[in-house]
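Q: Going by my numbering, 94 is the number at position 94 of the sequence shown; the sequence numbering is gapless.
Among the clues, some could well be false.
To be verified - Across the chosen pairs, the derived CB separations fall in these ranges: (1) S43 x D116: 28 to 36 Å; (2) G30 x D61: 19 to 27 Å; (3) S120 x G60: 33 to 41 Å; (4) A106 x G30: 34 to 42 Å; (5) P21 x E71: 15 to 23 Å; (6) Y45 x G107: 20 to 28 Å; (7) G93 x K58: 29 to 37 Å.
It should be emphasised that the hints constitute simulated quantities derived from the structure, not laboratory data.
Every residue gets a Cβ at the ideal spot worked out from N, C-alpha and C, and that includes glycine.
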Amino acid sequence: MKKTIAVLIILFALTLCGCTPYTSSFRAVGYVHSNTSKKVDMSFYEFNGRQVFNLKAKSGDEHIKYTAKLETGKADVYYDSGEGKVLLFTINGGDEFNGQSETLGAGRVYLIVETDGKCSGGSFAFKVE
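Use the sequences and the hints to build the structure in full.
A: Here it is in structure tokens:
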């Protein structure tokens, strides 16, 4: 009985710690972002590093739809919906475009924005639909 209670307490503590396979680490100037379970908006004057966002897909037929703009630098955007880290797109300075991911599995989706050095004038918007 005591072992069962100890195991349950440990499992409960692990679920509270918010353990994720990805971590954010960045330096930014003029950085504004919002994150709900279905939508992410990110804009910045300067950004260098990695930002991880959490989204949720409710069914197996949803996609990540996105728009992106970057004035200078280079950034890679990945997602992981349980199948491992997948490149969504790479954006270089001067690029502006939109698109969508492959079909997502239902459940938690990690969205990872990683820069290759300092970037400026960035604006990214993602939506799970």
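Q: Take the hints in turn and mark each one as holding or not.
A: Outcome of the hint check:
1. S43 x D116: 28 to 36 Å: 19 Å, violated
2. G30 x D61: 19 to 27 Å: 37 Å, violated
3. S120 x G60: 33 to 41 Å: 38 Å, holds
4. A106 x G30: 34 to 42 Å: Given a distance of about 36 Å, which is inside 34 to 42 Å, the answer is holds.
5. P21 x E71: 15 to 23 Å: Cβ of P21 to Cβ of E71: about 31 Å, so the range 15 to 23 Å is violated.
6. Y45 x G107: 20 to 28 Å: Given range 20 to 28 Å: violated, Cβ gap about 34 Å.
7. G93 x K58: 29 to 37 Å: 36 Å, holds
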